[in-house]
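Protein sequence lines, in the order shown, are assigned to chains E and A.
For the first sequence, this note's numbering begins at 1 and goes up steadily by one.
For the second sequence, this note's numbering begins at 1 and goes up steadily by one.
Heads up, some of the hints might be wrong.
Same chains, same names: a pair is fine if it fits in one copy or spans any two.
As the list claims (entries may be wrong) - With a cut-off of at most 20 Å between alpha-carbon atoms, the simulated SDA-like pairs for lysine to any residue come out as follows:
{"hint": "1", "residue 1": "Lys-52", "residue 2": "Leu-16"}
{"hint": "2", "residue 1": "Lys-128", "residue 2": "Ile-78"}
{"hint": "3", "residue 1": "Lys-150", "residue 2": "Leu-16"}
{"hint": "4", "residue 1": "Lys-52", "residue 2": "Ala-92"}
{"hint": "5", "residue 1": "Lys-128", "residue 2": "His-13"}
{"hint": "6", "residue 1": "Lys-52", "residue 2": "Met-20"}
{"hint": "7", "residue 1": "Lys-52", "residue 2": "Pro-101"}
{"hint": "8", "residue 1": "Lys-52", "residue 2": "Glu-19"}
{"hint": "9", "residue 1": "Lys-52", "residue 2": "Ala-18"}
Quick caveat, the hints were computed from the structure, so don't treat them as lab data.
Protein chains: 2
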Amino acid sequence: MAFLMPGDSCDLHVGLLAEMDHSIQTITPASVATIDREAMDAIRDTHRGVAKAMYSAQLIDEGAMRAWITSMGRRASIERVAHLMCELYLRARNIGLVSEPSLALPLSQLLLADALGMTPVHLNRVLKELRIAGAMSLQRGSLLITDPEKLVQIAGFDENYLHRRLRRAS
Amino acid sequence: MAFLMPGDSCDLHVGLLAEMDHSIQTITPASVATIDREAMDAIRDTHRGVAKAMYSAQLIDEGAMRAWITSMGRRASIERVAHLMCELYLRARNIGLVSEPSLALPLSQLLLADALGMTPVHLNRVLKELRIAGAMSLQRGSLLITDPEKLVQIAGFDENYLHRRLRRAS
DNA sequence: CGTCACGTTGAACATTCTCAACCCGAGTGG
DNA sequence: CCACTCGGGTTGAGAATGTTCAACGTGACG
Numbered sequence: 001m002a003f004l005m006p007g008d009s010c011d012l013h014v015g016l017l018a019e020m021d022h023s024i025q026t027i028t029p030a031s032v033a034t035i036d037r038e039a040m041d042a043i044r045d046t047h048r049g050v051a052k053a054m055y056s057a058q059l060i061d062e063g064a065m066r067a068w069i070t071s072m073g074r075r076a077s078i079e080r081v082a083h084l085m086c087e088l089y090l091r092a093r094n095i096g097l098v099s100e101p102s103l104a105l106p107l108s109q110l111l112l113a114d115a116l117g118m119t120p121v122h123l124n125r126v127l128k129e130l131r132i133a134g135a136m137s138l139q140r141g142s143l144l145i146t147d148p149e150k151l152v153q154i155a156g157f158d159e160n161y162l163h164r165r166l167r168r169a170s
Numbered sequence: 001m002a003f004l005m006p007g008d009s010c011d012l013h014v015g016l017l018a019e020m021d022h023s024i025q026t027i028t029p030a031s032v033a034t035i036d037r038e039a040m041d042a043i044r045d046t047h048r049g050v051a052k053a054m055y056s057a058q059l060i061d062e063g064a065m066r067a068w069i070t071s072m073g074r075r076a077s078i079e080r081v082a083h084l085m086c087e088l089y090l091r092a093r094n095i096g097l098v099s100e101p102s103l104a105l106p107l108s109q110l111l112l113a114d115a116l117g118m119t120p121v122h123l124n125r126v127l128k129e130l131r132i133a134g135a136m137s138l139q140r141g142s143l144l145i146t147d148p149e150k151l152v153q154i155a156g157f158d159e160n161y162l163h164r165r166l167r168r169a170s
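Go ahead and model the full structure; you've got the sequences and the hints to work with.
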């Protein structure tokens, strides 16, 4: 339902619930920082500004999930794939993770297919289709966008949806 | 992506963002209460307990959205329909809204199909299938569950997923 | 009585899945 | 060094699932 990249945080507030309703996995070696419950409680209670910022972050995450739902419900599989690739590419670029011309994406087709709600076999064919169309190719853990415009057009990607802005402090 | 019932709240915190990334509609006449931004800010800042509770509510909503994503990605359409009906039924019952033996569900097939990510035509056929199977029937805005067990079984419904609990105050 | 929104149905088609096979490169034990 | 295995990736063929388009029914409402 989501892919995290270096610097992303997740589940900052699970401490409030009795149990997790989902799980998180690393798919590469990773350094993971944790914040214990007491610390989070303290931050929330004593730093109103930070608390507010965390609320906002939460809302933005929710927006991303809504986008994901739309993707699943309304987009054909090839659009879904293209869209996710656009998103991952932009996010990676925003944190300086793209080593032009390609981006390291250590995702097995199995994983991707699952995330996108389709069969590995079908994903494979879709990737092939995108490759043949000359839009992008994903091979040996590396994403190469050969024709950005075409990819964006297939995906119906709107760059703006990643940039949810905050209301200026009143 | 969600259906609200009497007493449900939504978007308590949109005040934090510069713009909405989604919309809300009434599908029946409804009384809607609004809380203005200043009041919400004040509550968040001065009532830590309430703020915490609202965080939790937010997390629970998020869980619901995750469930929705799972539904879209992994369930066949008949399962999706059955699952949503189970959920709506239980939620309605929890707030005393079920007038046995049936539940008023003022949802057009158009609306439902859109929410479930399928064609109105196909939804219609799925509903017919469920009716013929004797599990439930949805007609003239009223949901009648004729064989709860069968419906639950078709849906693969786990009653527990609605009852996310909070961590007891430490 | 006409209109309009919604529901229902059929038939052809497109999309996606299933199952099964095969390929390949990286590790592993003999 | 070689055969083996194993986790991906790729491909084909047939079947299931879902869509499209177009028609018709039906009740509410002016």
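These are the hints, each one checked on the structure:
1. Lys-52 to Leu-16: both (16 Å within a copy, 8 Å between copies)
2. Lys-128 to Ile-78: within (10 Å within a copy, 31 Å between copies)
3. Lys-150 to Leu-16: Cα proximity of Lys-150 and Leu-16: none, with 44 Å in one copy and 35 Å across.
4. Lys-52 to Ala-92: Neither way: Lys-52 and Ala-92 sit 26 Å apart in one copy and 33 Å across, limit 20 Å.
5. Lys-128 to His-13: The answer is neither: 40 Å in one copy and 43 Å across copies each exceed 20 Å.
6. Lys-52 to Met-20: between (23 Å within a copy, 17 Å between copies)
7. Lys-52 to Pro-101: Result: close neither inside a copy nor across copies, 38 Å intra and 45 Å inter.
8. Lys-52 to Glu-19: between (24 Å within a copy, 16 Å between copies)
9. Lys-52 to Ala-18: between (23 Å within a copy, 14 Å between copies)
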